[in-house]
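Participant: This is what each chain is made of:
There are 2 protein chains.
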Amino acid sequence: MEQEQLYKLMQSIFPEKRILTDLADRYSYSFDASFGEYLPDIVVQPSNKEEISKVIKLANEYKIPVYPRGSATSLSGGSLAVKGGIVLDMSQYKKKLIIDRENLLAIVSPSVITADIHKQAENVGLFYPSDPSSSHVSTIGGNLLENSSGPKGLKYGTTKEYVIGLEVVTPTGEIIRTGGKTVKNVTGYDLTRLIVGSEGTLGVVTEAILRLIPKPQARKTLLASFNRLIDSGHAITNILSAGILPSAMELMDNACIRAVENYEPSGLPIDAEAIVIIEIDGHMAAIEEEIKKCEEICRLHHAIEIKVATNEKERDSIWKARKMVSPAITQMGPTKISEDATVPRSQIPKMMEKLYEIREKYELNLVVFGHAGDGNLHPNIITDQRNKEEMKRVEDAVSEIFEAAVELGGTLSGEHGIGTLKAPYMEMELGKDGLLMMKKIKEAWDPNDILNPGKIFPQPGQSKVVLS
Amino acid sequence: MEQEQLYKLMQSIFPEKRILTDLADRYSYSFDASFGEYLPDIVVQPSNKEEISKVIKLANEYKIPVYPRGSATSLSGGSLAVKGGIVLDMSQYKKKLIIDRENLLAIVSPSVITADIHKQAENVGLFYPSDPSSSHVSTIGGNLLENSSGPKGLKYGTTKEYVIGLEVVTPTGEIIRTGGKTVKNVTGYDLTRLIVGSEGTLGVVTEAILRLIPKPQARKTLLASFNRLIDSGHAITNILSAGILPSAMELMDNACIRAVENYEPSGLPIDAEAIVIIEIDGHMAAIEEEIKKCEEICRLHHAIEIKVATNEKERDSIWKARKMVSPAITQMGPTKISEDATVPRSQIPKMMEKLYEIREKYELNLVVFGHAGDGNLHPNIITDQRNKEEMKRVEDAVSEIFEAAVELGGTLSGEHGIGTLKAPYMEMELGKDGLLMMKKIKEAWDPNDILNPGKIFPQPGQSKVVLS
Chain A
1 MEQEQLYKLM QSIFPEKRIL TDLADRYSYS FDASFGEYLP DIVVQPSNKE EISKVIKLAN
61 EYKIPVYPRG SATSLSGGSL AVKGGIVLDM SQYKKKLIID RENLLAIVSP SVITADIHKQ
121 AENVGLFYPS DPSSSHVSTI GGNLLENSSG PKGLKYGTTK EYVIGLEVVT PTGEIIRTGG
181 KTVKNVTGYD LTRLIVGSEG TLGVVTEAIL RLIPKPQARK TLLASFNRLI DSGHAITNIL
241 SAGILPSAME LMDNACIRAV ENYEPSGLPI DAEAIVIIEI DGHMAAIEEE IKKCEEICRL
301 HHAIEIKVAT NEKERDSIWK ARKMVSPAIT QMGPTKISED ATVPRSQIPK MMEKLYEIRE
361 KYELNLVVFG HAGDGNLHPN IITDQRNKEE MKRVEDAVSE IFEAAVELGG TLSGEHGIGT
421 LKAPYMEMEL GKDGLLMMKK IKEAWDPNDI LNPGKIFPQP GQSKVVLS
Chain B
1 MEQEQLYKLM QSIFPEKRIL TDLADRYSYS FDASFGEYLP DIVVQPSNKE EISKVIKLAN
61 EYKIPVYPRG SATSLSGGSL AVKGGIVLDM SQYKKKLIID RENLLAIVSP SVITADIHKQ
121 AENVGLFYPS DPSSSHVSTI GGNLLENSSG PKGLKYGTTK EYVIGLEVVT PTGEIIRTGG
181 KTVKNVTGYD LTRLIVGSEG TLGVVTEAIL RLIPKPQARK TLLASFNRLI DSGHAITNIL
241 SAGILPSAME LMDNACIRAV ENYEPSGLPI DAEAIVIIEI DGHMAAIEEE IKKCEEICRL
301 HHAIEIKVAT NEKERDSIWK ARKMVSPAIT QMGPTKISED ATVPRSQIPK MMEKLYEIRE
361 KYELNLVVFG HAGDGNLHPN IITDQRNKEE MKRVEDAVSE IFEAAVELGG TLSGEHGIGT
421 LKAPYMEMEL GKDGLLMMKK IKEAWDPNDI LNPGKIFPQP GQSKVVLS
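Protein sequence lines correspond, in order, to chains A and B. Note that our numbering has the first sequence beginning at 1, numbered continuously upward. Note that our numbering has the second sequence beginning at 1, numbered continuously upward.
Because identical chains cannot be distinguished in the list, a pair is counted as satisfied if it fits within a single copy or across any two copies.
Derived EDC-like pairs (lysine to aspartate or glutamate); straight-line CA-CA distance at most 16 angstroms: (1) K350 x E407; (2) K432 x E167; (3) K307 x E296; (4) K8 x D41; (5) K63 x E443; (6) K350 x E400; (7) K350 x E102; (8) K119 x D100.
None of these hints come from the bench; they were simulated from the model. Since this is a predicted model, take the numbers as computed values, not measurements.
Same shape as in the complex, but just chain A:
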């Protein structure tokens, strides 16, 4: 459709200032935190659900793709307008954040920053555990649709476990409610959990009901360094089988440690094969005992150094090592490819071995960190997009990383989503029939393929390319 015609259609719904057509404006909506640039034909900024419903109904009538977009921090291309059309920029959507203390709930609109939910809940002694690294900039709408969860999945489960109700505009423009305000609800199919993690292909979330829990009374943090990676793996497993469920168990490999020390020296042991950060939360008396037990187990498995934070300042300095990883590796090269292959916890040592083999084979700069407690590793390749020859090796390496994860009983993606980047690998994990059952839902709900088309499902003729 001509842009002028599209503009006129949108004018029937939006005031002019909430329709963007200039190239400069559209350009700033052409990328996210992954790869590729795709220029949308037009950008609109809805402020309420009725406007979204109208856009989607018109889009169905005229067969125009619609791409919902939050803060665009997606690492898998979730918000890219790969087929042009309309970008639905949710930034101007009315903000709503109500904490219902009596029912331990938060009622939120999609444009609310996730960190604000944390803050408001904690102000009244409550707790929303999901915490993707991007939570200070990303919005809850995007977090829900990608089901990105962060480090606390082991103890608290993923984002999905905290969403009990949604208001959604469907791919044909109807406004529906799913679930509700009760944790228990078996009235029909669980559309809530179907839509959470659907990467914007099955509906646009316009409101969510989140379950909160009482805020843990206290927390304790420990950092342990190991000469051998395998020892850290044993320590992790043994802590869990001792009946301790840490709120976080983060792993950094040697390349990661060196990168951080290189970026900002803080005395990390640069010869250690692995650093593990363990955090316990809960009742004061319980965590004192449990952190001691963790220390013992790490020592038993040959930890070369153990630091237990005795106050919040020391805790911050431990977490700083982990938080420096991203800036440190970003500095190592212009292009960073961040994967999130996830394996059953017991397979972490084997997966690490495999990752190092791949690093050797393709001579790449690969560092590994991640959420060891739930098997969610983040192998990162630092490269340069302009180096075509190296990029070819990167593609092959990423392909082998996916294969290794699936072979070890794991999954392509623990929390970044499939988007455009991993779509060609879907059948490898799900099988032809498994993928087909997903496609049947998409086709039944979105017969005109209006909502976020080009994502999740492999496109005809699409090869196993990592970078578009």
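Once you've looked at the hints, dock chain B against the given chain A.
Facilitator: Same frame as chain A, now just chain B:
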């Protein structure tokens, strides 16, 4: 189809001893724990997934309904063969129960009794929290497909929160795997949670991967009696806002207390409007402190009597009061109608008020107990199916109970499922469009309406009848 022809078809799949056609045999498969009797045309007993796949493929070819059946403890008609056809009796399915300690998982086949999973997990210090009252007889396959959860939903979430992977035979007979062995998995749509709670209409589960957690170190139990129901409501809310998350919070109303005392006297205060049983689990030091706090809060809200169990024997005697409810009320009349309308926790006092109004209006014997912590009430009407006049009043009362729950922001069913009994009320809760989105999935997956037809979705011409 003629039974003889059906028999021949099944003979191509099963040995003779696993095909049942005698009227006496079929009769014993004609009911479940709800109402209505529906005679299947034939019963087959698969022992592996390939047999199930073959049955379903043939059923699609010849358009024969297939009704999967576990222990048939459904309270909503989930396993009734309402359109005749084939009952898929899962009792002879090979039993598999593997505890994977390293990954905190249980791998189970659908025919395993849920209580056996509890036992095996606890033997190695692990814990599977879901615990429907029927867990000593019901199988995990049925528990998953109904998403029935029991008293621990408040602290631990529902059954769904513990299922991370499935092997399923689809309504067209394909064998697929969903999810896997990792808590984090965002590879495509969450078919696992779509199938859990789908009441056997979207697939037959042939294997499940359950997430386990470390077994809580200790537990403490308290029973508090209140002269006024409203006080018990305040106590419950205040315990939660004090940052305590009990593993169970069970409520019994006066009619319930009287029924139990009448059945087996144990010194319960028969004038109390409510009894609340609170159980805390976790670290020893934490629970000592928390149970004291619960006691204080109950006292503050005018509890007339508080008992704290000091040992397991005293705990058992507290729980005995709760466990006597079902046998006690069963003795009160030949027919028991057990509902599970669920409301946001803060609405429990209003819902109770409404229930008592309904009891007066229709002059019925109605007792209420339930999982107060998660708003999941179990109003039970004791009646006599043969008394047609009273049954009419029961139907009207049940209809009003559903309306009240939905009006208060709650749901038709917290854990018993929709089955045949609540199907006519689906649109009231979900709206036309919400129900349509569910129907679209069913139609896309099961174009011939083979799997458990007649359930969940209102049937053409079906009125709001509670009893068939």
